[in-house]
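A.B. asks: Sequences are here, hints too, so could you generate the full structure?
Here's the letter readout for the chains.
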Amino acid sequence: MIKDFFKLAVENITHRKVRSWLTILGIVIGIAAMVALVSLGQGLQYTVDQQFVKVGADKITVQSKAVVGAPGSESGNTKLTIADFNVVKRSAGVDQVVQVLSRSGKVEFNKKTKFEMVRALPVDETRKVYEETGLYDTEFGRTLKSGDKHKVVIGSTIAKETTFGKAINVNEKITINGVEYTVVGIMKTGGNPGISSAIIMTIDDARELFNAPDEVSIMMVKVQDSRDIDKVVENIKKDLRRHRNVKEGKEDFTVQTTKQFIESYLTIFNVITTLLVGLASISLLVGAIGIANTMYTAVLERMREIGIMKAVGAKNSDILQIFLIESALIGFLGGAIGVLIGVGISKIAEFAIGAFLGPGFFQVFLPWWLLVGAILFAMIIGTLSGILPARQAAELPPVEALRG
Amino acid sequence: MNSKDDKEKDKPIIELKDVWKIYQIGEVKVEALRGINIKVFKGEFVAIQGPSGSGKSTAMNMVGCLDIPTKGHIYLHGRDISHLSESDLAQIRGKKIGFIFQKFNLINTLTAKENVMLPLTFLDIPESIRRERAEELLTLVELSNRMDHKPNELSGGQQQRVAIARALSVNPDIILADEPTGNLDSKSGSSVMGFLQDLHQKGKTIIMVTHDDKLAQYAERIEVLKDGEIIQTVKGSKHHTKNEHNIVVNKK
Chain H
0 MIKDFFKLAV
10 ENITHRKVRS
20 WLTILGIVIG
30 IAAMVALVSL
40 GQGLQYTVDQ
50 QFVKVGADKI
60 TVQSKAVVGA
70 PGSESGNTKL
80 TIADFNVVKR
90 SAGVDQVVQV
100 LSRSGKVEFN
110 KKTKFEMVRA
120 LPVDETRKVY
130 EETGLYDTEF
140 GRTLKSGDKH
150 KVVIGSTIAK
160 ETTFGKAINV
170 NEKITINGVE
180 YTVVGIMKTG
190 GNPGISSAII
200 MTIDDARELF
210 NAPDEVSIMM
220 VKVQDSRDID
230 KVVENIKKDL
240 RRHRNVKEGK
250 EDFTVQTTKQ
260 FIESYLTIFN
270 VITTLLVGLA
280 SISLLVGAIG
290 IANTMYTAVL
300 ERMREIGIMK
310 AVGAKNSDIL
320 QIFLIESALI
330 GFLGGAIGVL
340 IGVGISKIAE
350 FAIGAFLGPG
360 FFQVFLPWWL
370 LVGAILFAMI
380 IGTLSGILPA
390 RQAAELPPVE
400 ALRG
Chain A
0 MNSKDDKEKD
10 KPIIELKDVW
20 KIYQIGEVKV
30 EALRGINIKV
40 FKGEFVAIQG
50 PSGSGKSTAM
60 NMVGCLDIPT
70 KGHIYLHGRD
80 ISHLSESDLA
90 QIRGKKIGFI
100 FQKFNLINTL
110 TAKENVMLPL
120 TFLDIPESIR
130 RERAEELLTL
140 VELSNRMDHK
150 PNELSGGQQQ
160 RVAIARALSV
170 NPDIILADEP
180 TGNLDSKSGS
190 SVMGFLQDLH
200 QKGKTIIMVT
210 HDDKLAQYAE
220 RIEVLKDGEI
230 IQTVKGSKHH
240 TKNEHNIVVN
250 KK
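Respectively, the protein sequence lines represent chains H and A. Quick note on numbering that gives the first Met the number 0: the first sequence kicks off at 0 and runs consecutively. Quick note on numbering that gives the first Met the number 0: the second sequence kicks off at 0 and runs consecutively.
Any given hint might turn out to be false.
[Stated by the list, open to error] Which stretches of chain H does chain A cover? Using the computed rule of at least three CB atoms under 8 Å from a CB of chain A, they are:
#1 37-50
#2 315-324
#3 374-384
[Unchecked claim] Calculated from the model, a selection of chain H residues having no Cβ within reach of chain A, i.e. all distances over 10 Å:
#4 3
#5 19
#6 78
#7 94
#8 126
#9 164
#10 196
#11 249
#12 272
#13 291
Hints in this document: simulated from the structure, not taken from any laboratory. The model shown is predicted, which means the values in this text are computed figures rather than measured ones. Glycine included, C-beta positions come from ideal geometry on N, C-alpha and C.
C.D. replies: What follows is the structure, given as structure tokens:
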């Protein structure tokens, strides 16, 4: 019997094509948005997690709270310095500390000028700390070594033809803030997008170039034992507070484990995702109202038909089922098309992000349960929206329905 | 004493006993039926005839188990059905009564064959049997070449013949025809009446509701209804005149 009811429902949906498609569209938009958001969101989270795995669980990042280079009377005071660096180096549980200087540089190549991030790293024994993350590995040429002067390694994005109108190859020369540098290496594609679009030089070169003999933008700390990492964070905080003479809770610097660092980004990201999913839910709600509306109209339109079916022996429960199957089917169609479009959107986004940050860096998250779940969800919405109209249809007295 | 068979014969297939139907429209009470008594025996052809407003539609609803009376009793095969729920009534209609309506009342999205199969669907009969039965019945009403057409591709007369086939699909005890020729031209009307007479000759019980006294003459017995009461019971004069196809069937 269900099979016959299903056939009846299909007949009814195809009978009023335009209205059915418009109703289905309402669900399509909501489901497509939801699938795209979840798959992109989860994909991004996975990517960030992967970065965390690469950087490692034994790393702590120390940063000034002040925005680097921001104008303001006190900004000079809040910057971290070599003195702070030495304090951190002596904190209990610390193995090694890498001092990093980050600045924006005016880069010229192929008669084009662009501002790019310059990241200066030491080439002494502390280099192991950042080299073991694999993020700074080169694909062409070599990494920087002790004794290098006016040599740089550039990120894969910078080397691309699209950046300066001409690809930069190893041994070519670029100008940064008016000083000429030789490119000795190009980093691997993929990996961290921040690093892919950076220029790496030795910290000695950078201190001279930017006239910043004392500044430290970021400290990358490796702890002796990763199990003690939270204790080491507290040690560093305590030592820096004393050295910089600030009270607890009023710190002008942050000390975060890589995990915390990533989580702080994820929190913001999760808020945005929740907001967007909320918007998608509203569109689904509107879609559900659309289904209910269409089904109510269908009940009015098919009043006589309901009467006929009752006259030839349809029970109230039969009529209820016919209408519920119809609204569930609308939900199903909306869900299925929505999933297809949602997957399309995520794949396009994946491709776009890949083109921008390097292929393989970002992958959307499309497990089967998300797709099946979305379709089921749409079907449930369809069924729920159909309940009231279907009950109205089922409870019509046959005499009245036949008159209609 | 009567034999058992005679007893069965004496028992009406359907009986309306002092049936009242009172509608409350706003503050006004409308008495559509005022204590009518009708007995229909197996194999009879009965017409319920009356002008519009006489209560004949209400009477049809009662006989067809589409509605229940305000007062009084309706017995189907001796069983009181006047207080049954809508779902119970639906099941009775589905098994015992075949409807033929003035406006054909076919489902437009379904083909002729699917329309004939529909009552059997609600009885949960397997599709192959339903299909076979529908094809057989549509052949009987001379529509074997129109089975897969939808109602809007058929003429009025053809649609009404589909409706007859549908009414017969469950092999009901009673065929209930409500102004069966009301929307037809005289030729199609006669043909439809021909089929009804045919069914009657084959032993079917037929109850026809009409305003048209000429049409009512086809029945064995005519119950004349006026103002919600049966004012007269007469014998039909054209009863069993199957080949008389030249009667004028008025359009309503």
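A.B. asks: Now, for every hint given, state plainly whether the structure supports it.
C.D. replies: Here's how the hints hold up against the structure:
1. For the region 37-50 of chain H, the proposed coverage by chain A is not satisfied: 0 residues have a C-beta within less than 8 Å of a C-beta in that chain, short of the threshold of three.
2. A stretch counts as covered by a chain when three or more of its residues have a beta carbon under 8 Å from one of that chain; for the region 315-324 of chain H and chain A the count is 3, and the coverage holds.
3. Counting residues of the region 374-384 of chain H whose beta carbon lies closer than 8 Å to any beta carbon of chain A gives 0, which falls below the threshold of three, so the coverage claim is violated.
4. Non-interface call for residue 3 of chain H relative to chain A: violated, since the shortest CB-CB distance, roughly 5 Å, does not exceed 10 Å.
5. Residue 19 of chain H, annotated as away from the interface, keeps every beta carbon of chain A farther than 10 Å; the closest lies near 13 Å.
6. Every CB of chain A is more than 10 Å from the CB of residue 78 of chain H (nearest about 77 Å), matching its label as outside the interface.
7. Here residue 94 of chain H stays apart from chain A, with its beta-carbon at least about 77 Å from theirs, past the 10 Å limit.
8. The beta carbon of residue 126 of chain H is kept farther than 10 Å from every beta carbon of chain A, the shortest such distance being approximately 76 Å.
9. A cut-off of 10 Å between C-beta atoms confirms that residue 164 of chain H is not in contact with chain A; the least separation is 64 Å.
10. Remark: the non-interface label on residue 196 of chain H is consistent with the geometry, its nearest Cβ contact in chain A lying 61 Å away (cut-off 10 Å).
11. Against chain A, the non-interface label of residue 249 of chain H holds: every CB pair exceeds 10 Å, the least being about 75 Å.
12. With a least beta-carbon separation of about 44 Å from chain A, residue 272 of chain H lies farther than 10 Å from that chain, consistent with its non-interface assignment.
13. With 10 Å as the threshold on Cβ separation, the claim that residue 291 of chain H sits away from chain A holds: the shortest Cβ distance comes to roughly 22 Å.
Hint compliance for this structure: hints 1, 3 and 4 are broken, all remaining hints hold.
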